[in-house]
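Chemist: Here's the letter readout for the chains.
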Amino acid sequence: MEWLTIKQVQNGLQNKDFSCTELTNFYLQKIDQQKNLNAFVSTAPASALAQARSVDEKISRREILSGLEGTPGSIKDLILVKGLRATAGSKILENYQAAYDATVVDRLKKSGMIILGKNNCDEFAMGSSNETSAWGPTLNPWNITKVPGGSSGGSAAAVAADLGVFSLGTDTGGSIRQPASFCGVVGLKPTYGRVSRFGLMAMTSSLDQAGPLTRSVEDAAIIFQVISGTDDYDATCVSRDHEDYSANLAKPIKGLRLGLPKEYWQTGLNAEVKTILEQAVNKYRELGAEIVEVDLPHTAYALAVYYIIMPAEVSSNLARFDGIRYGRSSQTAKNLWEVYAQSRAEGFGSEAKRRIMMGTYVLSAGYQNQYYLQARKVQKVIEQEYAEVFKKVDALLTPTSPTSAFGLGEKVNDPLTMYLSDIYTVSANIAGLCGISIPAGLTAGRLPVGLQILGAPWTESKILNLAYQFEQATIHHSQHP
Amino acid sequence: MQLETIIGLEIHIQLSTASKMFCSCSNAGEDLPVNTTVCPICLGHPGTLPTINHQAVELGAKLALALGCKIQLVSEFARKNYFYPDLPKGYQISQFDKPLAKNGQVEIVWLSDKQIVSKQVGIERLHLEEDAAKNFHFQDKTLVDYNRGGTPLAEIVTQPDFRSAEEARVFLQELQKVARYLEVSQADMEKGHLRCDANISLRPLGEVRLYPKTEIKNLNSFKAVEKALKYEQIRQTELWQGGQGPKFSSTRGWSEAKGETTEQRDKEESADYRYFPEPDLPPLVLSEDQVEEWQARLGELPQARSKRFMAEYGLGFAESKIVTDDKMVAEFFEQAVSEGREWLTTLESVTGSKEEIWRNNGRKLVKLIYDWLVSEVFKHLNAAGLSLSESKLTPENFAEFVALVYEGKINSSAAQIILQEMFTTGEDPAWIMKDKDLGMVDNLADLADLVVGIIQTNPEQVSQYQSGKTNLIKYFVGLAMKESNGKANPEILTKLFTDHLSSK
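Protein sequence lines correspond, in order, to chains A and B. Just so we're aligned, residue 732 is where the first sequence starts under my numbering, counting upward by one. Just so we're aligned, residue 116 is where the second sequence starts under my numbering, counting upward by one.
Chain B with its partners taken away, still in its complex shape:
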């Protein structure tokens, strides 16, 4: 029997607002001492009332718009009633039958076996709610940190549109990127900013009905999502092949250590949350104009930017993805390219209109910018544990640096030194080049003297060369480079050595 996998995701994203969802407490409690960002409201003291954080509404709505959802001009908060120590009021204020946004559609595009594949994923809804506090379980007690309690959350429910664990993982990564582009959340899975429960079931290929699903909880990384779903896919396949798929819906927890899912005792399934409209909050009413304004201010989303970079700068799919995954990197790259483009037109060696110059030389420049960015700059960033915006490197200086390389004013070893210096001091590359005397020596007369000197002091190698060991040319060039402190132009050196040695 051929089986089809059906996966849907429920995702919670913490919104990076200044204050909490329903009170004015700071939303930065994650980094602060326990139980310091709390007040009578988020501790559920008697008599307190919630008020809606409009920044949270804006961030939630922007995320919904970016996922192609339709914003509901009238939405409603509801109480989800259950007892737990991390829930001070005995109910969570959430949205139930009137969510903030519905019916979205997102395209995911990724490389699968070196093929570019894409898929449409339906979004059922996005709603706003408050996060619970954090429980810390010890052997003999449980302690609660209420700093997190009341953090604004957007809950996103997808349609059961995924057919593989890989698709689900790709979607989550895309969602993270979108959230970061919009600056609505840091969306760090390890830190719990982005949390995911995955629902999975199988069915015989060709059937349309859905079979009892398994909900997998405790997925704290993209890898965990993919691994747990793959594990569950195999487990359920075996059940089907053994005669029958799961009979009932169930909840299973993912254990990273064991690499398996295990059945959890299920409070959820039997719970009756007794949802009813939150009487302390009037319906949330938004105007058409407001929604349009948010839509207009979304900016370019990661996928659109990636496609544009491919078209505009001739990057390949994977290359474009690398520079657009992070909004800051994409902006840095694009600024550097734009600076470089200006600089190209000032060169004496090129002629024609700006467009012609770009058409003829742009590809090479972009390639240099890309290569130096992705190999060297990223290496420096990783080593220093910094992000681009935290480093001293500016796109202007970086473009100027690439221009020096492009023009052959510095050779690659000098370039390494200059880039390192730019990182530590933030200085202008031309200035560093002069200051450290790293400019490439390509004066023929000077280099010829150097070559002659080396030939005179290495007679043994010269005769070996002349008797056919021509790859000693590298040895000679290396000596010359060393003697010139790395500044000599290696291409010219090679030519000079070849000429001098053959004329002997």
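So that you can see chain A by itself, here it is in the shape it has in the complex:
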């Protein structure tokens, strides 16, 4: 029952190689055995096993399984699952129980997913190493002295360690792709507006997207199919034709033009990572793609833009955690001001506080023009620049992160270096692109390296096709910790 994909799960169940109860127990036991990874903040064994039993009954009635029926997986703790605790990795929500299902969760449940539990993550998705979680860092299953990446680090670690078939994460500046890269799994960040954000605790409303972390490209396509599409509860989830995202996976990629943005392959990129990724690029040449070099001169500013727009929205989005209606409320507060100040001081970690302060500053009267509004202008320029490049190429190939997984504690006291680990992923969010990180090989120290494929808005089919063809032509995805 190890390393199963969605199709393998359903075939196995249908052929009675194993029952759904056995499979669910298998994962629940593994989660328990590998508690040291700290990939889960909570589990839901009772509801998972109850659901498994109903799948088994269905099979005994010789009914055919469809959708995600019988597929156990997990959900990042930033996303609400009705009745389960939702902490977002923050002490301020330590005892908060979700009152409703996020739209994505509702769709996964309706499709038949079995929810094993909630994955650890950086506090309110603010981090690149999972070290800002109030519940302690998640460890990288490949090497427990390394970080799993973040903020969907618990999700990536769970999938890499086979603690479920897949996990649902969120990506605001690279939070799906970077941990996918560090943990050697597939991570898809959909185009902004493709997937409903209703029920995702907002970090940066204008950039957040939910997406799958899986062990195969096909599974990513299947999960993406289930969660995408317009939602009456999210006005920014805009109408688009619903394609069959699995239909094009097997299409040959011969003749497609792939761009290598110079800016992504120069300074700052670790030499070993670069070598591994150049081999990946060569694989694409072998598969018949045309590789061209392209310029994206303004992409260098994407990180700067990100670190203005993101904290600005964070400062507003986290204002609701005020100790009044729910969440942590300081017990020593003596007046309204103290309820606010002390509840937030006690409840938020230092990265959250740092971003609230930065965001409050860049939105303040007298500074808004030179920071927030200026960043929005630069964002437009970057968006335009990518739009121009995508007129010339079908997709871009880049590193997902400048390095493989770094050591626990290595960057946690140096926010600036930490922020740089998102340098190759933020542009996709800033420019509203879709992107996917796929396993591209291991370093000498047996740490995974991810290749990022970036596509123009609404071209998930194309990047999934490119990812799948690479996966089928290589063995990287079948290597496990």
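Bear in mind the hints are in silico, worked out from the structure with no lab data behind them. Misleading hints may appear alongside valid ones.
Claimed, not checked - What the simulated footprint calls covered on chain A by chain B, stretch by stretch (three residues with Cβ under 8 Å from a Cβ of chain B suffice, anywhere in the stretch; the number is not a length):
#1 809–821
#2 932–940
#3 961–969
#4 1089–1103
As the list claims (entries may be wrong) - Here are the simulated lysine-lysine pairs, DSBU-like style, with alpha carbons at most 30 Å apart:
#5 K195/B to K1084/A
#6 K217/B to K436/B
#7 K789/A to K747/A
#8 K195/B to K362/B
#9 K436/B to K482/B
#10 K332/B to K822/A
#11 K1111/A to K195/B
#12 K1111/A to K213/B
#13 K1065/A to K249/B
#14 K332/B to K1065/A
#15 K195/B to K822/A
#16 K1111/A to K217/B
#17 K1108/A to K185/B
#18 K436/B to K1065/A
#19 K494/B to K551/B
#20 K747/A to K822/A
#21 K1065/A to K195/B
Quick caveat, the model's predicted, so the values are computed rather than measured. Ideal Cβ positions, reconstructed from N, Cα and C, are used throughout, including at glycine.
Position chain B relative to chain A; hints supplied.
Modeler: Coordinates of chain B only, in the frame set by chain A:
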């Protein structure tokens, strides 16, 4: 030094939509138990998102169009960030630099010292936002009712065009009328549907610059608006006469009990709301066609109707205002007149074309309808605490009733009885008249018998009359009326008594 008063208003109007501004919770929470019309969205739970209530957009746009504003085809929502327990998200979703509507113009017309005066008032903008929840402060705690949180609001900002407290009050009353005509809001100030902050400053007459203003809050009635502004006008005049007007802008609260404004500690002025575009909502885009359709469906506004009633029915300014202040009354009045007009042409006593008949008799009929409506019907409504639409009186029956009076088929005391009956039963007046035998007796022979009888049984009064105490005629008529159960025609009685008594 002669001073000029400068007043501008900021008004919030709750829109009477079915659901809240950004979620599907009922908007009727005002009348429901506390914290029952709430959901994770309007309570600001994690992960929730707003969606725009299009009915609120329509009501806001109609109000803006009625105020002569230009609808902005692309407007934008923004977050106004501040902490307060009545604001669950820590920000209010409002509109900032791209409001729904801008640049309006409204004419107000009113009676001032018995003169009809009018004035143009500029509207700077109208934008949409969500209302805050309601705090209830107790000695040791504050409780919050979130039912009101998320109610759609239209905020209207006028230009500083008012030169007196009276003008500001008249404008607010006009705005209330317009909102009610459009059915966009009940606009009840006492209930907080219509809330007003007033900005006032003075300047030496002839200057164009504006001096630091005072913002007056907590104005819960039209009277309060006028009284507070008058108070503030005097207070600032004294400051100016003492050498200098207010040096800084400030906020003052109106105390109805004390009849004065007092300086409030000012959080507002120093607050930085850090407005930025609401990332959870795409810009609000409206089509030209949609706006035109709303414009076409505005219907007749109170002022236009009042002017038309003056021209069409010969009402005076004050009379027309009385019947048009309330849309239902205006419609009732007009329907009754139209029924009455039809009825006039069926009379045998009138001749000519429909137009001629109306020209010759219409004025009298309208006057009767107006008088009975404003004096008697209003009295009944007030006594019963009902509105016209809640009462059983229909314009058709009312017109028929006035026709009976017009034709002299009932006298005024019978009319009172019939109207009362119409109120309680909703019956047709002719039927009541027959049923209660209230038709006026004007048969000469019957009345003559009655008169003779009374003269015979009151010899003492007869001789007094004949010796010159002629006002005893009223006494005789009164007796006859009583004896006829109020049905006799008093005019004919008077004539008969006069004839009989003088011929003796």
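Chemist: If a hint holds in the structure, say so; if it does not, say that too.
Modeler: Tested hints:
1. As drawn, the segment 809–821 of chain A meets chain B at 4 residues by the rule of a beta-carbon pair under 8 Å; at three or more, the given contact holds.
2. Beta-carbon proximity to chain B at under 8 Å applies to 5 residues in the segment 932–940 of chain A; the threshold of 3 is reached and the given coverage holds.
3. Note: the segment 961–969 of chain A has 6 residues with beta-carbon separation from chain B under 8 Å; the three-residue rule is met and the coverage holds.
4. As drawn, the segment 1089–1103 of chain A meets chain B at 6 residues by the rule of a beta-carbon pair under 8 Å; at three or more, the given contact holds.
5. In summary, the hint linking K195/B to K1084/A is supported, as the alpha carbons are separated by about 20 Å, within the 30 Å threshold.
6. Restraint check: the Cα-Cα separation between K217/B and K436/B comes to about 29 Å, which is no more than 30 Å; the hinted pair holds.
7. Between the alpha carbons of K789/A and K747/A the distance comes to roughly 12 Å, so the proposed pair stays at or under 30 Å and holds.
8. Between K195/B and K362/B, the direct Cα distance comes to roughly 28 Å. Compliance with the 30 Å bound is thereby established for this hinted pair.
9. For a cut-off of 30 Å, the pair hint linking K436/B to K482/B stands: about 15 Å separates their Cα positions.
10. At most 30 Å may separate the alpha-carbon atoms for a hinted pair to count; K332/B and K822/A exceed this at roughly 40 Å.
11. At most 30 Å may separate the alpha-carbon atoms for a hinted pair to count; K1111/A and K195/B meet this at roughly 24 Å.
12. For the proposed pair K1111/A and K213/B, the alpha carbon gap of about 19 Å is at most 30 Å, so the pair holds.
13. Restraint check: the Cα-Cα separation between K1065/A and K249/B comes to about 22 Å, which is no more than 30 Å; the hinted pair holds.
14. With a CA separation close to 28 Å, the supplied pair K332/B and K1065/A stays within the 30 Å bound.
15. For the given pair, K195/B sits about 27 Å from K822/A by alpha-carbon distance, which is consistent with the 30 Å threshold.
16. For a cut-off of 30 Å, the pair hint linking K1111/A to K217/B stands: about 28 Å separates their Cα positions.
17. Of the supplied pair hints, the one linking K1108/A and K185/B holds, its CA atoms being roughly 28 Å apart against a limit of 30 Å.
18. A threshold of 30 Å between alpha carbons decides the hint, and for K436/B with K1065/A the separation of about 55 Å lies outside it, so the pair is violated.
19. Taking the CA atoms of K494/B and K551/B, the gap is near 23 Å; set against the 30 Å cutoff, the hint holds.
20. At roughly 43 Å between alpha-carbon atoms, K747/A and K822/A are farther apart than 30 Å, so this suggested pair is violated.
21. At most 30 Å may separate the alpha-carbon atoms for a hinted pair to count; K1065/A and K195/B meet this at roughly 27 Å.
Checked against the numbered hints listed earlier, the structure breaks hints 10, 18, 20; every other hint is satisfied.
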